[in-house]
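Protein chains: 2
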Amino acid sequence: MSTNIPVVQQFETLLQSNHVTPHSIARHLQEISYQDYGLFLSNLSKIPKDLLAEVLLELPLSLFKEAVSRLPHKKLADVISYLESDKATDFMQRLEKVAPQIKEVIYPLLHSKQQREISRLSQYHPDEAGAYMQTELLWATTDEHIADIKEKLKIFRKHKAGMPLIKLFVLDEEGHLVATVHFSDLLLFGDEKTLAEVVDTLPSRKPLSIRDHTLIKEVTKLFREFDLAMVAVVDSENRLQGCIVFDDIYDLILAEEEAQAFKMSGTKQEAEEESLFSAQKHRLKWIFINLGAIFIAASVVNFFRETIEQIVALAVLMPVIAALGGNVGNQAVTVTVRRLALGETSWQYAKEILSKEIYIGVINGIIVGLMVGTVAYFWFQIPMLGVVIGLAIIINLSIAGLLGSLLPLTFKHFDIDPAIASPLLLTTATDAIGFFVFLGLAKIMLF
Amino acid sequence: MSTNIPVVQQFETLLQSNHVTPHSIARHLQEISYQDYGLFLSNLSKIPKDLLAEVLLELPLSLFKEAVSRLPHKKLADVISYLESDKATDFMQRLEKVAPQIKEVIYPLLHSKQQREISRLSQYHPDEAGAYMQTELLWATTDEHIADIKEKLKIFRKHKAGMPLIKLFVLDEEGHLVATVHFSDLLLFGDEKTLAEVVDTLPSRKPLSIRDHTLIKEVTKLFREFDLAMVAVVDSENRLQGCIVFDDIYDLILAEEEAQAFKMSGTKQEAEEESLFSAQKHRLKWIFINLGAIFIAASVVNFFRETIEQIVALAVLMPVIAALGGNVGNQAVTVTVRRLALGETSWQYAKEILSKEIYIGVINGIIVGLMVGTVAYFWFQIPMLGVVIGLAIIINLSIAGLLGSLLPLTFKHFDIDPAIASPLLLTTATDAIGFFVFLGLAKIMLF
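The listed protein sequences derive, respectively, from chains A and B.
Each residue of the first sequence is one higher than the one before, starting from 1 at the first, in my numbering.
Each residue of the second sequence is one higher than the one before, starting from 1 at the first, in my numbering.
It is worth saying that the hints were derived from the structure and are not from the lab.
Please note: incorrect hints may appear among the correct ones.
Repeated chains share a single entry, so a pair holds when one copy, or any two copies, can fit it.
Unchecked claim - With a Cα cut of at most 30 Å, we get these calculated DSBU-like pairs of lysine-lysine: (1) 221 / 46; (2) 97 / 281; (3) 65 / 351; (4) 49 / 221; (5) 206 / 217; (6) 46 / 206; (7) 351 / 281; (8) 65 / 268; (9) 206 / 49; (10) 285 / 351; (11) 46 / 351; (12) 221 / 65; (13) 268 / 217; (14) 193 / 158.
Model the full assembly from the supplied sequences, consistent with the hints where possible.
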């Protein structure tokens, strides 16, 4: 099926290239779907079957659903068999979410070994390390000889061609993890040596392993701190269950980072990728929450209507108060949220963060307050108005620094995500407090 | 030197633990410096010398400078010798920046081999892949036998204990990169086989390599897309120069992600980590830029002073216009900046992004405009005021959606970082346009 449409031609070129990846195929498919939904479906069949399941996993849920509903069940089961155990589990869970009836049909068609692995991995909570591990590993016991391992290696390479092979896991007879050995270590020993002898020559260091029920966010911290390539996953009795590899974890870390940027603006990545309607709906939800808060600031202004009626220059300067407060407060929020995300949560840090943000708020408040006060004096030719706006800015920016750090710290303390709640509450608070201070000072000092 | 201060006791426990990392040591040191600057210096001497240089690299520049000025020159040269070539180059470049006179003294004290590597790597621009590569590699030519490689491996492990060893690089006689071989591949061949024979049995795939002058941001894209563990770096004639390993790249990707969050709020990570003064100064700079913009919005309001004087309820509703416009615009900016960062820069995407954001702006504008219009009607009992604010919100939010996507796209087109410039210009524009539309409609429709 050939075509003249450029994006489809590009797609065909991509599929024939040497270094094609599921990710790049998925991105092209998405672009095709923007242009023509029908073309998206017809191009699915061009994807090599050993890559197709991975490509589907990279698609947004709506396209994933569309694709799995169109593919023949037997073909679907076949392409899933090319997935590593953690991804196969992920695939079945997505299927359960968007098309449970298809999942019911597909599951019995899978190899019984893959079924067992999926059901084992599905037992873990999505927050736990176990849910992210691969179970296809090369392992051997201490009494095995190098020659045995070479045989195992040959078989592994034949049947699990695409699986990552970073280290050999060494177990004792009961399946307890004793060591992990780099393949270059094995190279230096003769066929007749046992693994126990190899391990003895290595610098004695307990292999780094984590428990299967450990929270995955602890594991990401570990990878970040130690620059790991891989970590073994064990159960409560130190028996090997699987391993987690760096690329899965880094994808997770990047997703967390991305999610944070989205959260702070009141958007959500999954909603954005899902469909236009879900993006619009999610953003509207956030605007509604904000709207309630905005009316608090409006009410403060309403309280001072008479004052504004007498000196309308106050209305002209109100946007200055609001914008500066929001600006300085958000600087403090961004820096504080980041520090909390990096784990600076002890009381020691809290004191340090608060005093830093208040200090910066006060200093920048004084500098900006003096400047704006002078400008206002010359602009409106009312000397006291210059004093009022200057003072109001100094007070408002000091409070913005305090709140910009105090809000995230407080949310964190009560286990609420500081990235979601802080920017909203901060803007409301600096608006309302800023108007109150500015218009209140005006009422007292200008009449 | 023992002490009763808890943070120092924690530090000593950390140093004795099994899995201590330069990163964790550096974080503890920083915490100590917050409490007592003198203690920071005295605790430097407790750090093992094979880790010290890496710890110093993890410190903010101000502490780095303090530390290198206090350490004896000979000790400094000694600890640098434990660094991999890319990190040693980084170290000397930092030294050049904060204390060029110390760098002049230290450089001649380094091993001549390390000097050569540093001077070679220093030739690369910090944007180029060459600046990030390690030059300590295990390589061999096609005519070497497995037995030769085992000898090389022994020597490499002895002299470069901590160096990462992911693959063996295979070169021809002229130093051209022919293949990369996993150590588990070598395991399956006898001592008498040559590398050429090993390579022949592998699935024929050109090794993935990049040019030394390739931009590092292209390399990070490659790692993201292909989940690489390592990539070989070659010169224009395909001669092996070094390799780039995943952990360096992922640190870089994470740093980019972090930098973006900071930029959008007008803060800068390095300035924040450097010192209180530099953080305050950098944030003030941003407020100043903003201030100019804020006065544009104030001038728009000033233009309508008489209108506000007659109906002061307009001043009450001004914050609603400003906050909603900023909110909706920033949602669009965040999503668009993220999409551009992920490489969605073709014209096809631009059209798709613009129409998406305008659509969402219009829909949410209509919903929110109707709501706020109704509220304003009941609040102020002026029917036309409800119509005016409702209409103004619909127009303002549609424009916010348009600008929130158009600004980043335009900046990107002119090669200006969209994350820095967009949020600022957006807020000014939605404030000024929002006030103009709202107060202008009021002037026309309310009198």
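Consistency of the hints with the structure:
no.	hint	in the structure
1	221 / 46	between (40 Å within a copy, 25 Å between copies)
2	97 / 281	within (20 Å within a copy, 50 Å between copies)
3	65 / 351	between (49 Å within a copy, 25 Å between copies)
4	49 / 221	between (35 Å within a copy, 25 Å between copies)
5	206 / 217	within (22 Å within a copy, 37 Å between copies)
6	46 / 206	between (48 Å within a copy, 24 Å between copies)
7	351 / 281	between (39 Å within a copy, 21 Å between copies)
8	65 / 268	within (20 Å within a copy, 41 Å between copies)
9	206 / 49	between (41 Å within a copy, 23 Å between copies)
10	285 / 351	between (35 Å within a copy, 26 Å between copies)
11	46 / 351	between (59 Å within a copy, 27 Å between copies)
12	221 / 65	between (33 Å within a copy, 28 Å between copies)
13	268 / 217	both (20 Å within a copy, 26 Å between copies)
14	193 / 158	both (24 Å within a copy, 21 Å between copies)
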